[in-house]
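Q: Protein chains in written order, with the working numbering: chain A, -11 to 515; chain B, -11 to 515.
Treat the hints loosely; a few may be bogus.
Unchecked claim - For the chain A half of the interface with chain B, some residues (derived, Cβ under 10 Å), not all of them:
{"hint": "1", "residue": "P248"}
{"hint": "2", "residue": "E415"}
{"hint": "3", "residue": "G433"}
{"hint": "4", "residue": "C447"}
Just so you know, these hints were derived from the structure itself, not from any lab.
The C-beta atom is built at its ideal place from N, Cα and C for all residues, glycine as well.
There are 2 protein chains.
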Amino acid sequence: MALTGELFIGRERRETPRKFPAFDPASGRSLEPAFSAAGSAEVEAACALAHAAFDAYRELPPQRRALFLEAIAKHILAQGEPLLQRAHSETALPLPRLEGERARTANQLRLFAAELRSGEWLGLRVDPAMPQRQPAPRADLRQRKIALGPVAVFGASNFPLAFSVAGGDSAAALAAGCPIVVKGHPAHPGTSEWVAQAITAAAAETGMPEGVFSLLNGPGTELGATLTADPRIRAVAFTGSRAAGLALMGVAARRPEPIPVFAEMSSVNPVILMPGVLGSSAERLAREFAASLTQSVGQMCTNPGIILALHSPGLQTFLDAARTALANITPGVMLTAGIHRNYTQGVEHMLAHGAELIARGEAGDAENCGRAALFSVPAATFLEDRELSEETFGPASLVVRCATVAEIRRIIERLEGQLTLALHMDEADQPLAHGLLPALERKAGRIIVNGWPTGVEVCHAMVHGGPFPATSDGRSTSVGTLAIERFLRPVCYQDFPEALLPLELRAAELLRWPHRLDGERRLAKPG
Amino acid sequence: MALTGELFIGRERRETPRKFPAFDPASGRSLEPAFSAAGSAEVEAACALAHAAFDAYRELPPQRRALFLEAIAKHILAQGEPLLQRAHSETALPLPRLEGERARTANQLRLFAAELRSGEWLGLRVDPAMPQRQPAPRADLRQRKIALGPVAVFGASNFPLAFSVAGGDSAAALAAGCPIVVKGHPAHPGTSEWVAQAITAAAAETGMPEGVFSLLNGPGTELGATLTADPRIRAVAFTGSRAAGLALMGVAARRPEPIPVFAEMSSVNPVILMPGVLGSSAERLAREFAASLTQSVGQMCTNPGIILALHSPGLQTFLDAARTALANITPGVMLTAGIHRNYTQGVEHMLAHGAELIARGEAGDAENCGRAALFSVPAATFLEDRELSEETFGPASLVVRCATVAEIRRIIERLEGQLTLALHMDEADQPLAHGLLPALERKAGRIIVNGWPTGVEVCHAMVHGGPFPATSDGRSTSVGTLAIERFLRPVCYQDFPEALLPLELRAAELLRWPHRLDGERRLAKPG
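Pulled out of the complex, with its shape left as it was, chain A reads as follows (with noise of 0.2 Å):
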């Protein structure tokens, strides 16, 4: 397949005046072909046919829309060799990476369609009528759950297959039943527009309504600004900075009718090395994390970038062991230039802000290196500069020397919501990490018990999601088949003769999805 740069508006591949380049961050050199820029027309165009899509996309029997997502799978795998190639050529992510990201971009749609066949998602609750009930009658009342409307989903740069055109955003929102217009992260067209194609493919071969997919392109912040204000789109999924998330919060929340905006935007992971086990493994857990710290050249939403740990001849073991394991990697280059630069100033923002520089890794040689950086600061001064708490997107962190068990306490109670936090300890310091377990839970997503935060598990009970900035709504994940309810919403039908309700809250098909009967939870008959 050559790529054409072109946009896909439903079935249709639209070309536009306004071009944009796609870049090899390793050599700094554009590549071919130049993509069309989407623009008020596109994206009107694109809302249009999901709106018009969308009633038939819901209603249609779960079991089609697994079928589908399991296409896209399939025609994402069947693309082989070039897709992976054309990805590495943008991100300069490794193969092998690109390899296991697509597996688990495969193995989410996968994931997802499952749990469309599983009927949780449905939320199916019915409470029978009870016509002689004193004082007054109870009416028949049923309950499903169907999906919000068009989504508006927004590609990673990070994850060019696993959060981007069908990631994790688009595999929820197209099993909960919702049309998705994509907005394309400009960083990788070219693979955009591969798994766009993949889409198409399956959406044709599995009898698809047109417009359950668009994908836009576009540099700038315009486009999306757009897309979010249009009134069809019902939610915004998005992955990315702080900044643009706060941005995208704002136009969805000025909009005449708000929408919710599921965005992962900010987090530093902190991880709490505990007295016990800094003093009997400091050299083990310095490995660990210089590998944790530069996976993917630091750039995951889960990078550890901030260690908490009590001042100790463990600590400094850690700190020498750790430089001496950041000298030794290789530095990858970052994802784009402008990634590179930010990273680059972030690091000097440290050392203006005071950190002490504990250890750097090599430089690299090839063009937009992320070169791994340690800081060290004492609690007092982390505690008195917010900045110091902020992200750095890039292979940095920054190790909190605390000289008390309560100043690790007040840090814990002084962070932003977090994705995850990660304690390592062993038996003797079970005390201690249970006493500070409350703390942890206001404050993240997920907890980890001696290991690191990077590798996001795609299962049942994953929760990458966080208070507020890791994201914009606490109460929800991006990843794992928790993240479908994001898109859906409860519907009640009171008194529907039986021929006018949705077909699964019928009498005999309720029976073959798991439901709960006057509030007692009722298993699927299996059939």
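Based on these hints, arrange chain B on the given structure of chain A.
A: For chain B alone, coordinates are given in the frame of chain A:
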């Protein structure tokens, strides 16, 4: 019990120098005693206590919080006639209505107690470790839902018991594990004090931590804004006007850390009279409509404010019968002089916008009587003038005369979000109803067949919510057990040692609760 007019700051009763009166709307006279108005010092004190209580309260076994809710119900019922008398004096709502509302309030608390014991709200999910999995092992991942934090609950004027101090929002938030700071409605501060006494007694009796409940009173809008802005408040629950709801949404969005606002604001609850049933049963429908419209002097969130029907002899019969029925209904006194003034202006507004007056109720001889008003306009006029579709709080309704089914359809598509949409239909109307259903689902939280929107059952399948502006977040309900989900967020525990896990996620305890194991639904083991 004598009323003191004091505030409730945790266990402390506090008087402030600034006082405001309660009024009897039927006479316009003020009622004893004068009530203390809360200022920023009281907001500070109540929020500090709520924050301090949060960790302990949310980690109580569900059974403990269930006993607390049941004790609140018991203490409210034990207050007997004086509570009802005070509520009657302050709201002019008839005693039988208040008696019914008290029963609903008690049942609501008990329903949430039962929901707590069911464990459904915990949302337990376990994906066990897979240490042998290739290419990488899977960690042990466990999810539960925890409370958001202290919630600001705003009492509503029109339900002094069921949507006020111990109403639906309070019951849902307390069940979820959230301490509440209630901003009492200034129109019924004496009723609020009675109920606050019941909650305080129940909290003491069942050993709840101090700070789980506070009651702040005050006139004006500043108190609510100050409370919503307090950083310790993590969510807001509100029922009231669109203007007040939008103002709170604005305050919440402008916080350094934005929080969710669940505001139930504005709905005209359109009722569609289908041609078949209108031809055969116009007189019955008119009588039922008149009763629904004037229930509680039309001061219901679910008041039928718009009727859609085709031009026909049946419609003329309906209008004539409604005129007769309304003329025979004795008007009630409205909740406050201000609500009466707004209602009177709303009726004039309809006339000024060209609506034809079809019928008026009796004028009544008490102060502040809400005189029913029925208007009619052709669909074309309605479609041209957005203001005709806005809510007039009180017993006013507008019949929109449609020339064609297409016109009905166009009006539905142009409607804002609604709490309810109702269809009156017979067998012959079914195909038409079927065609309208997708649009109805997009516009409302509850769809009713052959019933009237007033009367909201408190049960599992109820949805009292709907797209904006019916509510600020159409993914929620403020009535029924699903309302608890507004105040919960998921947390994931990764590789936790058994002893550190929350109780309900430990191996043995897990079996006692409904959960999903690797996605598969498991029922709670009895015993």
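Q: The structure should be examined with respect to each hint, and the outcome stated for every one.
A: The hints, checked one at a time:
no., hint, in the structure
1, P248, "7 Å, holds"
2, E415, "9 Å, holds"
3, G433, "6 Å, holds"
4, C447, "4 Å, holds"
Checked against the numbered hints above, the structure breaks none of them.
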